[in-house]
Every structure is written in structure tokens, then in C-alpha cells.
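Below, each chain spelled out in residue letters.
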Amino acid sequence: MSALGGPKQTAGVQPPTAIGIVLSIILIVAALGLAYYLVQMAGVIAVVGIIIGGVLIAFGVHFVPVGGAPAAMGQSPGIATGVAMLAAGAGLAGLFGGAWAAPFGFAVALAGGAVGGGLLMAITCTMVNVIYIFGMGIPAASGKVDKDPITGDTFPEYKSQGTEGHGLPFISWVGGVVGGALGGLGGTLIYLELLDVYQAQLPVLLNTTVEQIAPVAISLAGVFAIAMFLINAVLAAYNITGTIEGPHDPKFKRFPRAIIAAAVASAVAGIFAIGLLELVGVF
Amino acid sequence: MSVKIEVGAGGIPHNQILIYGLVGSLVLIYLTYLNTYFQTEYFAFFGGLAAVVALLWGTDTIKHLCSYGLGTGVPSAGMIALGSGVVAALFGATTGPFAPIVTIIIAAIIGAVAGLMANAVVRMDIPVMVVSLIELAIVGAMTVLGLAAMACGTFEFLGMITGTVTFLGFTMLTYETSVIGGGIIAVIFMLGAIAIQHPFNACLGPGEQQDRTLMLAAECGFLSMIPVAIISFAFIGAYAALIALVISIIGWLYTYQQYIELSKRDAYAWLDAQPIMEPEEGGA
Chain A
0 MSALGGPKQT AGVQPPTAIG IVLSIILIVA ALGLAYYLVQ MAGVIAVVGI
50 IIGGVLIAFG VHFVPVGGAP AAMGQSPGIA TGVAMLAAGA GLAGLFGGAW
100 AAPFGFAVAL AGGAVGGGLL MAITCTMVNV IYIFGMGIPA ASGKVDKDPI
150 TGDTFPEYKS QGTEGHGLPF ISWVGGVVGG ALGGLGGTLI YLELLDVYQA
200 QLPVLLNTTV EQIAPVAISL AGVFAIAMFL INAVLAAYNI TGTIEGPHDP
250 KFKRFPRAII AAAVASAVAG IFAIGLLELV GVF
Chain B
0 MSVKIEVGAG GIPHNQILIY GLVGSLVLIY LTYLNTYFQT EYFAFFGGLA
50 AVVALLWGTD TIKHLCSYGL GTGVPSAGMI ALGSGVVAAL FGATTGPFAP
100 IVTIIIAAII GAVAGLMANA VVRMDIPVMV VSLIELAIVG AMTVLGLAAM
150 ACGTFEFLGM ITGTVTFLGF TMLTYETSVI GGGIIAVIFM LGAIAIQHPF
200 NACLGPGEQQ DRTLMLAAEC GFLSMIPVAI ISFAFIGAYA ALIALVISII
250 GWLYTYQQYI ELSKRDAYAW LDAQPIMEPE EGGA
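Line order of the protein sequences matches chains A and B.
Residue numbers are given in numbering that gives the first Met the number 0: position 6 of the first sequence equals residue 5, and the series is strictly consecutive.
Residue numbers are given in numbering that gives the first Met the number 0: position 103 of the second sequence equals residue 102, and the series is strictly consecutive.
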């Protein structure tokens, strides 16, 4: 979050333009078609997996309580940094968890990714509250709702005048953990799909065994998963424009726009990642 | 919808920087191809210089884009730039001698899609969004390709995934000791991302001056070149890597000194604080 102010917060949600929707559908269909042409059914499955992963990341980012610069001064609730940074942290932690668990099978790897991302956000959110409450001496109070939807705690009597609330209420903590888990799940899904594609193609292309080529396949899949994670997280951040408190924030209702954008961006970036090896040795 | 915030006026027009940046980085990255032509490794450092030129252009683009107020901070623009860029750079690298040109085209496609999504679906409605994200994706891609070429001496994919190890006098071909197989590409990704997101983030504000911001961008670029030059000792000859290291250190020292000069010029006052001296004897 920059201290420079963002686009004006308008009431309600502006729906995507008709051109945007049509373009989105065309691009996704084109990506699926191209994937079938390049790598047949395995490519289509991989692109669908990457799109689902991207959508999970963009959706997960909306849960994470982002406070930005005002939160650093205790003037708005949330964690005192930008959306892209928090999402990158949670996503990479999830990706490490998932990549470590990859040899244990698809489901275990996905669970490992979700646990990794959720754990990082749980630790971050807890320590944020420790610093807010015991270090800065400010109680947790939301500015957007009067009552915590989970615990039923009331906020107005604890909220300082002139602020949008402060600290990290329980609902925001839960949102952070859910967001981290979804992000880690999505990042791991992208990683696993790309790893499958590279492990199938690279040994044939370079005439080697799967074990010999493993470092290249893992590294390529990992760096592309990070890249797509960041593209989706930034698009979701643009959708939020600045700060969000968590799932109870009115801005949360904007998420369908980010899901469309993330699906298209993932499909386009994914088709280049899948088609990567098609041109090796052609020129 | 968008609030235009203050950045320094004057300086070189953005379109001029765009042309210099695009042509400059393309030419410099092709100079690393002299390695393949002459069968040497001494031209690897041109890749790093291509990254520096691209970063200068990218910083001016970020300044142009972020003057509309994104609401998410300057670093997010750097993150999406490198995110789109690394996909394009590695895809482009598979096309052999055409790598830099293909990279630019692919980066432009990914950047255009991200920009259209940001404007038409997420409804940022920022006039320069699509163009800026296209430029940023190209900048990110050229940075990754340039630094990767600097690390291993070539911008071709097969050169990036294969390396050699000498064991008991035998030279073996392996995939572990390579830029991609060794995970160096992730380091390059982060070095590029930090270099692109820092300069404008550090210099923005009412007193922002273009020459100072761009000097910081060059400084960050050379700073990122230093670790890549050290990494390149593992992949290219010691003398070639040493040349790259010396050039990065000289470039960094010069740009850092210039940046301090410009900061002193733009500062209201400058105090060269001395350490507090102990009284010679007795004391107060």
C-alpha cells in the first residue's frame, strides 16, 4: 500500500466490461485449444489445473487482512504491508511445503502446500497481534463491522477516534489463515501440473532418465509457479486497491472480478509454460 | 477515477527512454552472442549491461504508471513485471539465436493480457495501464534473460540447463550445475525484482527528479550484477567471470557516487556528521 492514495473508492462494484468478458472467454478457449494441439489431453489437464490454481490464489488473496502503511501506525486493521508482499510470503511458504511433499503423491502434496501457506499466515497474524497488543498497546477493533461474526465481540467502544480500526480481530486472523491455505494450495497445484508436463517431456527431448533431468524440471516448475503466483496476486491486489480487513470487509464482494482476471492471466502464462519445450532444438 | 499524484516534471520524455531502453537492451543482449560466434566467454558481461539498460527504462515506466496511484504500492508493479517476464524469457530462450526478439514478443503478449484484465475486468481504468504492463513485462523479460546470459555466457535454453563438472580429471555433462538446474534462475528472478521495484519506491515524492531516480536504477542494476558475476564463476571461465565482476563493481561504485552527488544536490541541507570526539583531556 502506498501512502500516496489510490484510485477513489467508489460505492458498489463496477462490473467487468462486455469487451473484457468476451476477451476472457476467447483467451481461455484459445489457451485450452492450443494446449490440446501441443501436448494433447495431458496439456488440457495441465492448463485446467493451472487455471484452478490461479483462481485459488486470487480468491485466497482476498481473505488476507492487509493493512498497508496506515496499519504500521495503528490507524487501520490488518498486517502492515502490501498485498503483493503478504501473498508472496504465504504462497512461497506453501510452495515449499508442497514441493517437499511432492514425492508422497498428489493429495499429500496439495495438503502440504495448504498447511505451509496457512501456517505462515497463522504465525504472521499471531505475531502481528502480539506486537500490536503488547508492544504498541492497542486493542483489536474492526472499523468495517460492529460485531465479530465468529466470536461476537463488539468493536465500537474500543475503536479510537479518527482511525478505521486497529489491530487484528479474530475474524481477520481466521481470514488470514484461510487465505494463506488457499494460496499455498493454488501455488502447489500449478507447480505439480507443470512438474508432470516437464517430467514427461524433458527425458524424451534430451534422451536422459527422469532422475537426471529432475533438477531442471523442478527448477522450471518452481520458478514458473512463483511467477504465476505473483501475476495472480498482483491482479488480486489491483482488485482490492489498498487495504482489506478480511472476509467480512465489503471489498471482499469484489472477488469475482479478480477470479476472471486470474483465470485468463494463468491460462495465457500457463500455455507458454507448457509449450516451453516444443521449440527446443527447432532453431 | 484515478488521482494523478506528484512526480517531478521535466527530464527526458518517456518515449525517448522507451526507445533507448528497448534498442539498447536488445543490442547489448545480442553482443553476448559474440560468445557463441568466437567460441569464448568474455562477452558474458554484456548481458548484465542489457539488464541495467532495461531496468532504467522499467523504472521510468513504473514512475509513469504509479503516478496514477495504484493503491497497492510501487513494488507490486515490479512483481508483476518479473512474473510475466520470467515466463517470456525462458520461453524465448528456447528459440536459439532469435531468443531476445521472441522474448520481447511473448512478453508483450503476456503483459497485454495482464493489462487488459486489469483495466477491463478488474476495472482499474488507468489510461496507461495496458501500455505500461506491456513495457514492464518486456523489461522483466530482458532483465531475466540478460542476467541469465551473464551467469552462463549464453541466452540459449540448452546452455542454461546443461553444465559440466570435472571429477578426478574427467569432465562430465550434468544438469545440476546449470543456471536452471541449480535454481540460479530463482535468484536472478529476485535480484531483478528487487532492482526494478526499489528505485522509484525510494525516490518518489514532491522533490522527485528524473536523473536521480534513474541513477538509483542504474545503481540497483549494477548491484544486482555483482552477485550474478560471482555466481558466473561456477559456469564460465575464471577470467571471463572476473571481467564481469570488475565491470559490475566499477559500475556500481560510479553510479553510487553519482547518486550521492545528486541526492546532495536535491537535498535542502546536507550535514556530513562526524563521529562524536572524546575530549582530549579533562573534559567538560
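Careful, some of the hints might be misleading.
As the list claims (entries may be wrong) - Label-pair distances were calculated between CB atoms; the ranges are:
1. A:S159 x B:L270: 53 to 59 Å
2. B:L252 x A:G32: 37 to 43 Å
3. A:M135 x B:Y253: 53 to 59 Å
4. B:L172 x A:A71: 48 to 54 Å
5. B:T165 x A:V281: 52 to 58 Å
6. B:L33 x A:A71: 32 to 38 Å
7. B:A266 x A:K252: 45 to 51 Å
8. B:F166 x A:V129: 39 to 45 Å
9. A:V12 x B:Y36: 54 to 60 Å
10. B:L252 x A:P249: 31 to 37 Å
11. B:I275 x A:F103: 45 to 51 Å
12. A:A71 x B:D124: 54 to 60 Å
Unchecked claim - Derived list of chain A stretches under chain B, where covered just means 3 residues or more per stretch with a C-beta under 8 Å from a C-beta of chain B:
13. 21-35
14. 152-161
15. 187-193
No lab work stands behind these hints: they were computed from the structure.
For clarity, every value in this text was computed on a predicted model and none was experimentally measured.
Backbone N, C-alpha and C fix where the C-beta goes; we use that ideal spot for every residue, glycine too.
Hint-by-hint comparison with the structure:
1. A:S159 x B:L270: 53 to 59 Å: Cβ of S159 of chain A to Cβ of L270 of chain B: about 37 Å, so the range 53 to 59 Å is violated.
2. B:L252 x A:G32: 37 to 43 Å: 53 Å, violated
3. A:M135 x B:Y253: 53 to 59 Å: Given a distance of about 43 Å, which is not inside 53 to 59 Å, the answer is violated.
4. B:L172 x A:A71: 48 to 54 Å: 51 Å, holds
5. B:T165 x A:V281: 52 to 58 Å: Between T165 of chain B and V281 of chain A, where Cβ atoms are some 32 Å apart, the hint is violated.
6. B:L33 x A:A71: 32 to 38 Å: Since L33 of chain B and A71 of chain A have Cβ atoms about 49 Å apart, the given range 32 to 38 Å is violated.
7. B:A266 x A:K252: 45 to 51 Å: Between A266 of chain B and K252 of chain A, where Cβ atoms are some 46 Å apart, the hint holds.
8. B:F166 x A:V129: 39 to 45 Å: 51 Å, violated
9. A:V12 x B:Y36: 54 to 60 Å: 56 Å, holds
10. B:L252 x A:P249: 31 to 37 Å: 52 Å, violated
11. B:I275 x A:F103: 45 to 51 Å: For I275 of chain B and F103 of chain A the Cβ distance comes to about 60 Å; the hint is violated.
12. A:A71 x B:D124: 54 to 60 Å: Distance hint for A71 of chain A, D124 of chain B is violated at roughly 29 Å.
13. 21-35: holds (count 3)
14. 152-161: Violated, because only 0 residues of the region 152-161 of chain A bring their Cβ atoms closer than 8 Å to Cβ atoms of chain B.
15. 187-193: Since three or more residues must qualify, the claim that chain B covers the region 187-193 of chain A is violated, with 0 doing so at under 8 Å.
This entry does not satisfy hints 1, 2, 3, 5, 6, 8, 10, 11, 12, 14 and 15, going by the numbered hints stated previously.
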